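J.: So the protein sequences, as listed, match chains A and B.
Per the working numbering, the first sequence starts with residue 1, numbered consecutively.
Per the working numbering, the second sequence starts with residue 1, numbered consecutively.
Hints in this document: simulated from the structure, not taken from any laboratory.
Keep in mind that the hints are not guaranteed to be accurate.
Stated by the list, open to error - Simulated DEER-style distance windows between Cβ atoms:
| # | chain 1 | residue 1 | chain 2 | residue 2 | range |
| --- | --- | --- | --- | --- | --- |
| 1 | B | Gly145 | A | Phe321 | 49 to 55 Å |
| 2 | B | Glu211 | A | Phe321 | 29 to 35 Å |
| 3 | A | Gly444 | B | Asp32 | 45 to 51 Å |
| 4 | B | Gly195 | A | Leu258 | 26 to 32 Å |
Note that the structure is predicted; figures quoted are calculated from it, not measured.
In this text, a Cβ means the ideal position worked out from N, Cα and C, and glycines have one as well.
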Amino acid sequence: MMSLNRRLLLAASIVLLLFFGITGMVLERAYRHSAEQAVFDRLQGHVIALIAALEQRDDSTVYLANALAESRFFSPASGLYGQVSRNDGGDVWRSPSLMEQGLIVTPLLRGQTGSDYRQLMSGDPVFVFSLGTSWEEGVSFERSYTFTVAEHRQVFDEQLSAYRRLLWGWLAAVALGLLLVQGSILRWGLAPLRRVAIELLEIKAGQQQGLEHEYPQELSGLTDNINALLAAQRRQLQRYREALGNLAHSLKTPLALLQGGVESSQQGQRVLVREQVERMTQIIDYQLQRAATAGGAVLAVPVVVADVAVQLMATLDKVYFDKGLSSECLVEPGLRVQLDRQDLMELLGNLLDNAYKYGRKRVVLTALVLDPEADPDDKTDTSRVLECCIEDDGPGIDEDSWARVRQRGMRIASDVGALVAGQGIGLAVAQDIIETYSARMVIGRSRWQGARICVCLPLAEISE
Amino acid sequence: MRVLVVEDETTLREQLLTQLRQQGYAVDAAADGPEGLFAGAEYACDVGIIDLGLPGLSGIELIRRLREQGRDFPILILTARSRWQDKVEGLEAGADDYLVKPFHIEELLARLNALLRRAKGWAQPQLQCGALQLDTRGQQVHVDGSLIELTAFEYRALEYLVLHAGQVVSKTELSEHLYDEEADHDSNVIEVFIGRLRRKLDPEQSLLPIETLRGRGYRFILSCHEVSAGDVGGSI
Chain A
1 MMSLNRRLLL
11 AASIVLLLFF
21 GITGMVLERA
31 YRHSAEQAVF
41 DRLQGHVIAL
51 IAALEQRDDS
61 TVYLANALAE
71 SRFFSPASGL
81 YGQVSRNDGG
91 DVWRSPSLME
101 QGLIVTPLLR
111 GQTGSDYRQL
121 MSGDPVFVFS
131 LGTSWEEGVS
141 FERSYTFTVA
151 EHRQVFDEQL
161 SAYRRLLWGW
171 LAAVALGLLL
181 VQGSILRWGL
191 APLRRVAIEL
201 LEIKAGQQQG
211 LEHEYPQELS
221 GLTDNINALL
231 AAQRRQLQRY
241 REALGNLAHS
251 LKTPLALLQG
261 GVESSQQGQR
271 VLVREQVERM
281 TQIIDYQLQR
291 AATAGGAVLA
301 VPVVVADVAV
311 QLMATLDKVY
321 FDKGLSSECL
331 VEPGLRVQLD
341 RQDLMELLGN
351 LLDNAYKYGR
361 KRVVLTALVL
371 DPEADPDDKT
381 DTSRVLECCI
391 EDDGPGIDED
401 SWARVRQRGM
411 RIASDVGALV
421 AGQGIGLAVA
431 QDIIETYSAR
441 MVIGRSRWQG
451 ARICVCLPLA
461 EISE
Chain B
1 MRVLVVEDET
11 TLREQLLTQL
21 RQQGYAVDAA
31 ADGPEGLFAG
41 AEYACDVGII
51 DLGLPGLSGI
61 ELIRRLREQG
71 RDFPILILTA
81 RSRWQDKVEG
91 LEAGADDYLV
101 KPFHIEELLA
111 RLNALLRRAK
121 GWAQPQLQCG
131 ALQLDTRGQQ
141 VHVDGSLIEL
151 TAFEYRALEY
161 LVLHAGQVVS
171 KTELSEHLYD
181 EEADHDSNVI
191 EVFIGRLRRK
201 LDPEQSLLPI
211 ETLRGRGYRF
221 ILSCHEVSAG
231 DVGGSI
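With the hints as constraints, model all of the structure from the sequences given.
T.: Next comes the structure, spelled out in structure tokens:
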């Protein structure tokens, strides 16, 4: 979609161009009209001068009786031409500048004038002005003449184009200036919107908690609401977790008591109650885990995988100290994923715990950035993913229990006790977290024939 | 072996006390953080069991303060929350293992045993000391392959001496680690008790595993090594 800035700029530019275009055209026409009028006025002056200078002979020819002030009539092809025609036929006088070319003249009656554009026989364009007049011949006879003066257009055209250049040049310069001013006004006016966008990116990147700048009145409604929404989301997650934690605490202590009490009762009952208590515990664990998963929160703060992995592995190294495992964490320090920190901790914690539990001598965690091009089937996801693989050298995971974990919905609450002890619940929790983020989990064999569990997590864009 | 239990839930604490005492442990109990801090700092604890959700001072903070005071006995944390965040925080604060509630008492005892062993540098549950074999997991003692019947309390005493093999253990130290603050500390009781242990382990007086250093205490003199799961009963 076109940006607001571009829309406003485009609309304003079109208005500006129309305005200047029409203004320019009107100005040009007006100038042209008055310039032409000036030319014809001048030509009329020449005609009157001609009438004053010429005298009629008795044989109806015309001669130059007085000198003409305008010398251009006498130099050949000077651009100013004069001609006198008798209305009953024949030219009676031509200015020397005409050089035997005749002007085609429409005979005019006394007092009539005519303005026109013509071409000379040589093809030169000229303005032509004619005036009809009559001279008395004898006592009662009047002979009609048409006086014509023509001027070459060249000078006029040059003047006009000089004016045009000046006019359009200035108009364009002013228009450009206005556009620039307008552009900067828009930038300034829309700057708060851009700042909102930048701040939202920073929130997404985890560099700040909400929109911190002061915003103009028109935007403050929006930004205040965004802040309120963010705060509400955070509070809600917090509340969920606290409520669930409290639930766990309040349920589990009685369960612990029950379990303790059973230790000293009869054998048969002991097994039954123990099984049930265990099952209840697992259900609580699983459901709590499910509910506490933050899921694909839009504005989750990206988390550094290596930090979480190192913390978890240090913990597990201590807990499984007796096994004397060698554990390795091959994750580059800067890699971050777009996951809630606790979700990542639960995910990797459960998978690593299984690896430590079932591995004999080795546990390795590796992380690799995968480009989306590498997987042509996956058309929906265009962002890059981080593939985290956890490998051990234990017995591996059999197809059966894995298939059961994979079944969506999987009635885990009732089925969980039947899953392979330990391995099942950890995997189910991991699978559940993975699904909330629409990510993938792949189970296979490690290079030591143990389990190899890979999860593909959304990679956070590397900032800095 | 002396265990510090810090748990605010009275019934659970009482259960733990009873069961641990049955196993021959000396137990000091505390109901909240400050009390736990006092007990942990004052008494000669060999291992601590600390609940994370304590009133007064959180379990994590309690562990951190004990470690700051230089108390380095192993600590097992109990938590109602199975979140990894809590486990990681607990172990980073200085705990050594965790157990999520509810738990089986057997599981708890196994973890305690492992922590006690580990604190003395032994990774395997089976220790072979000359003809004497100590199974810390099953809490059994064999001499030349035959099982010796010991009370839980006698076993703890022997275990303490074996885990400190080669070191002189004074009567006061031994009584501190075998009795909690409720018992009276009479050194004659220890002498009588050690005599009984010697007779049970070594009726013919051929092994003489426990030496008496007059005025200083006792010393377990057989040298021990770990028996890995594969070669139970193997020789030195």
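J.: Now tell me, hint by hint, if it's right for this structure.
T.: Against the structure, the hints:
| no. | hint | result |
| --- | --- | --- |
| 1 | B:Gly145 x A:Phe321: 49 to 55 Å | 30 Å, violated |
| 2 | B:Glu211 x A:Phe321: 29 to 35 Å | 32 Å, holds |
| 3 | A:Gly444 x B:Asp32: 45 to 51 Å | 49 Å, holds |
| 4 | B:Gly195 x A:Leu258: 26 to 32 Å | 43 Å, violated |
The structure fails to meet hints 1, 4 from the earlier list, while all remaining hints are met.
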